[in-house]
Amino acid sequence: MKRCLTERKLIRQYLLGALDEERQEQLEERLLADEVFLEKVSQAENEVVYDYLSGALSEQENERFENHFLVTPERQRKLKILKALRHQLEQLPEVDNALPRSWKRFLPNLLRSESYTLKLALTGAVIVLIGALLFLPYWSARRVDTESSPLIVTLTRSRTRRVGDGEMTRVHIQDGTKVVELQLLLGEDDYQSYRAVLLTGKGAEKFTGDNLEARTEAGNKVVGLRVPAAILTRGDYRIILQGRSPGGELQEVGDFPFRVTGN
Amino acid sequence: MSGDWELTKEAFEELLSWLDGDRDRAGRRYETVRLGLIKMFTGRGCAAAEDLADETINRVTRKLPEIRATYVGSPEKYFYGVAKMLYHEHRRRTEKLVPLPDNLPDRAGDDRHDELPYVCLESCIQKLPTDQRELLRRYYQETANPAAQRKTLAARLGITRNVLNVRVFRIVSRLEACVKKCVRRGGERN
Numbered sequence: 001m002k003r004c005l006t007e008r009k010l011i012r013q014y015l016l017g018a019l020d021e022e023r024q025e026q027l028e029e030r031l032l033a034d035e036v037f038l039e040k041v042s043q044a045e046n047e048v049v050y051d052y053l054s055g056a057l058s059e060q061e062n063e064r065f066e067n068h069f070l071v072t073p074e075r076q077r078k079l080k081i082l083k084a085l086r087h088q089l090e091q092l093p094e095v096d097n098a099l100p101r102s103w104k105r106f107l108p109n110l111l112r113s114e115s116y117t118l119k120l121a122l123t124g125a126v127i128v129l130i131g132a133l134l135f136l137p138y139w140s141a142r143r144v145d146t147e148s149s150p151l152i153v154t155l156t157r158s159r160t161r162r163v164g165d166g167e168m169t170r171v172h173i174q175d176g177t178k179v180v181e182l183q184l185l186l187g188e189d190d191y192q193s194y195r196a197v198l199l200t201g202k203g204a205e206k207f208t209g210d211n212l213e214a215r216t217e218a219g220n221k222v223v224g225l226r227v228p229a230a231i232l233t234r235g236d237y238r239i240i241l242q243g244r245s246p247g248g249e250l251q252e253v254g255d256f257p258f259r260v261t262g263n
Numbered sequence: 001m002s003g004d005w006e007l008t009k010e011a012f013e014e015l016l017s018w019l020d021g022d023r024d025r026a027g028r029r030y031e032t033v034r035l036g037l038i039k040m041f042t043g044r045g046c047a048a049a050e051d052l053a054d055e056t057i058n059r060v061t062r063k064l065p066e067i068r069a070t071y072v073g074s075p076e077k078y079f080y081g082v083a084k085m086l087y088h089e090h091r092r093r094t095e096k097l098v099p100l101p102d103n104l105p106d107r108a109g110d111d112r113h114d115e116l117p118y119v120c121l122e123s124c125i126q127k128l129p130t131d132q133r134e135l136l137r138r139y140y141q142e143t144a145n146p147a148a149q150r151k152t153l154a155a156r157l158g159i160t161r162n163v164l165n166v167r168v169f170r171i172v173s174r175l176e177a178c179v180k181k182c183v184r185r186g187g188e189r190n
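Chains S and H, in that order, give the protein sequences.
With this note's numbering as the guide, the letters of the first sequence map in order to residues 1 to 263.
With this note's numbering as the guide, the letters of the second sequence map in order to residues 1 to 190.
Source of the hints: derived by calculation from the structure; they are not laboratory data.
Watch out, some of these pointers could steer you wrong.
What the hints assert, rightly or not - Computed list of lysine to aspartate or glutamate pairs in EDC-like fashion (alpha-carbon distance at most 16 Å, straight line):
| # | chain 1 | residue 1 | chain 2 | residue 2 |
| --- | --- | --- | --- | --- |
| 1 | H | LYS77 | H | GLU142 |
| 2 | S | LYS9 | S | GLU61 |
| 3 | H | LYS84 | H | GLU55 |
| 4 | S | LYS221 | S | ASP190 |
| 5 | H | LYS63 | H | GLU14 |
| 6 | H | LYS181 | S | GLU74 |
| 7 | H | LYS77 | S | GLU25 |
| 8 | S | LYS80 | S | GLU66 |
| 9 | H | LYS77 | S | GLU61 |
| 10 | S | LYS78 | S | GLU47 |
| 11 | S | LYS221 | S | ASP175 |
| 12 | H | LYS77 | S | GLU181 |
| 13 | S | LYS80 | S | ASP51 |
| 14 | S | LYS80 | H | GLU115 |
| 15 | H | LYS63 | H | GLU10 |
| 16 | S | LYS80 | H | GLU176 |
| 17 | H | LYS77 | S | ASP190 |
| 18 | S | LYS206 | S | GLU181 |
| 19 | H | LYS84 | S | GLU22 |
| 20 | H | LYS63 | H | GLU6 |
| 21 | H | LYS63 | H | GLU76 |
| 22 | H | LYS180 | H | GLU122 |
| 23 | H | LYS84 | H | GLU122 |
| 24 | H | LYS84 | H | ASP131 |
| 25 | H | LYS180 | H | GLU115 |
| 26 | S | LYS202 | S | ASP255 |
| 27 | H | LYS180 | S | GLU74 |
| 28 | S | LYS78 | H | GLU14 |
| 29 | H | LYS77 | S | GLU22 |
| 30 | H | LYS84 | S | GLU25 |
| 31 | H | LYS84 | S | GLU74 |
| 32 | S | LYS78 | S | GLU66 |
| 33 | H | LYS127 | H | GLU176 |
| 34 | H | LYS84 | S | GLU29 |
| 35 | S | LYS9 | S | GLU47 |
| 36 | S | LYS80 | H | GLU122 |
| 37 | S | LYS202 | S | ASP236 |
| 38 | S | LYS221 | S | GLU181 |
| 39 | S | LYS206 | S | ASP236 |
Work the whole structure out from these sequences, hints included.
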């Protein structure tokens with residue numbers, strides 16, 4: 001809603017010639033590419049004219065309206081038509097039963113929306129809620145305990161497709177360990193954020209961490225993936241790390257194999 | 001403005017195919033670009049906004065065979081760049097601000113001296129279905145608190161205020177088009 005109001009205000013400022021050049025250019029570019037936005041601007045033009053006619057503009061807006069908005073014959077014509085329309089509407093008699101009284105009048109403004117997107121969003125919210133209730137026990141089991149101190153393991157990326165025993169980092173998880181933080185050593189890679197997928201040796205997905213950020217640990221750039229110790233039973237694992245570019249695309253950064261020798 | 005170059009059917013088809021592979025979508029995109037250009041030139045105070053919009057489209061179409069293979073970016077961005085250049089050329093040629101005409105309608109007064117649009121408007125309003133006419137009347141009714149008035153109106157109809165604004169805007173746009181058409185025909189029945 002706030003975004004909507006800001007956009008409306010922005011359009012009004014544009015129409016009254018009160019935007020700085022950068023914002024004006026951004027708005028103009030959008031005019032050429034977004035038909036919904038184009039309609040909003042046309043709608044705002046009518047509103048500005050009506051506000052002018054009813055004396056609802058501030059003194060400064062009034063001045064901008066007359067010196068900026070009204071400089072084209074097309075807008076002067078619009079002012080004339082809307083002014084005449086207002087005058088004629090005032091002469092019309094009231095027809096009370098012409099407008100229906102909808103049952104939706106008892107609903108708050110938001111729920112009266114005819115927007116397909118909003119309906120879809122509400123349906124989606126219900127589905128997510130049901131899903132959340134169904135999967136709550138499963139999620140609880142997988143939830144990472146962020147309070148207890150984790151076992152930290154630093155992993156380097158594999159240089160070969162097939163990983164031999166010699167290159168594999170070995171991890172032994174002591175009793176009582178709740179969380180393992182797998183720190184993935186980065187090279188020159190520099191992405192906005194990272195996605196790490198933990199796979200078993202057979203390729204089954206066990207855990208995923210998204211929107212992870214790189215940080216510096218002991219002079220090395222790392223990405224940390226915190227996983228519940230309970231899911232790391234004995235066996236071979238690998239983490240596929242992907243970097244997210246500013247455009248939102250995921251690019252593969254590396255493959256980090258390791259072996260859990262005891263848990 | 002465009003010299004001796006003229007927009008041919010083939011060149012226009014080429015332009016549409018650049019905008020979108022699907023002809024219907026390309027047509028809609030073209031319309032948005034054109035209306036957006038008109039709005040942009042109008043917003044920058046150009047009296048001949050439509051001519052400038054068409055000239056922009058002509059220039060882009062003329063340049064298209066050269067740039068199509070190498071240009072990277074959205075067609076709209078390219079149109080916008082050309083439109084800005086054209087605007088600066090136009091500004092050099094003409095005064096930016098067109099002086100306001102003396103017969104600008106004052107806010108409160110009656111402009112019945114300009115009879116034709118007034119008569120046309122009257123006839124166009126009469127052609128509206130009763131519910132639309134009543135909607136407009138209530139929406140624009142003079143009141144101390146227009147926002148509250150519109151809130152009540154939206155509630156009565158069971159729609160949001162935003163939907164109400166759009167609905168009224170579309171009725172007014174149809175009225176404007178009706179008046180334009182009627183004025184063009186000199187007020188005879190349209």
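Q) Do the alpha carbons of H/LYS77 and S/GLU22 lie within 16 Å of each other, as the hint requires? A) holds (15 Å)
Q.
Against the 16 Å threshold, does the CA-CA distance of H/LYS63 and H/GLU10 hold or violate the hint?
A. Given that 16 Å is the threshold and the Cα spacing comes to 14 Å, the pair holds.
(Q) Check whether the Cα positions of S/LYS80 and H/GLU115 lie no farther apart than 16 Å. (A) Distance of about 11 Å is within 16 Å: holds.
Q: Compare the distance between the alpha carbons of S/LYS221 and S/ASP175 with 16 Å, and conclude whether the hinted pair is satisfied.
A: Measuring from Cα to Cα gives roughly 29 Å; hence the hint is violated.
**Q.** Pairwise hint evaluation, S/GLU61 against H/LYS77, where the allowed Cα distance is 16 Å at most
**A.** violated (31 Å)
Q: Measure nothing beyond the straight line between the CA atoms of S/LYS80 and S/GLU66; if it is 16 Å or shorter, mark the hint as holding.
A: holds (13 Å)
Q. Within a Cα-Cα threshold of 16 Å, do S/LYS202 and S/ASP236 meet the stated pairing?
A. holds (8 Å)
Q: Could you grab the alpha-carbon distance between H/LYS180 and H/GLU122 and see if it respects the 16 Å cut-off?
A: Holds. H/LYS180 to H/GLU122 sits at ~13 Å (cutoff 16 Å).
Q) Does S/LYS206 pair with S/GLU181 here, judged by a C-alpha cut-off of 16 Å? A) This hinted pair holds, its Cα atoms lying about 15 Å apart.
Q) Does S/ASP236 lie within 16 Å of S/LYS206 when you go C-alpha to C-alpha? A) holds (12 Å)
Q) Can the restraint linking H/LYS181 and S/GLU74 be considered satisfied, given a maximum Cα separation of 16 Å? A) holds (15 Å)
Q. Does the alpha-carbon distance linking H/LYS84 and H/ASP131 stay inside the 16 Å limit?
A. The hint is violated at about 44 Å.
Hints 1, 9, 11, 12, 17, 23, 24, 28, 31 from the list above are not met by this structure, while the remaining hints are.
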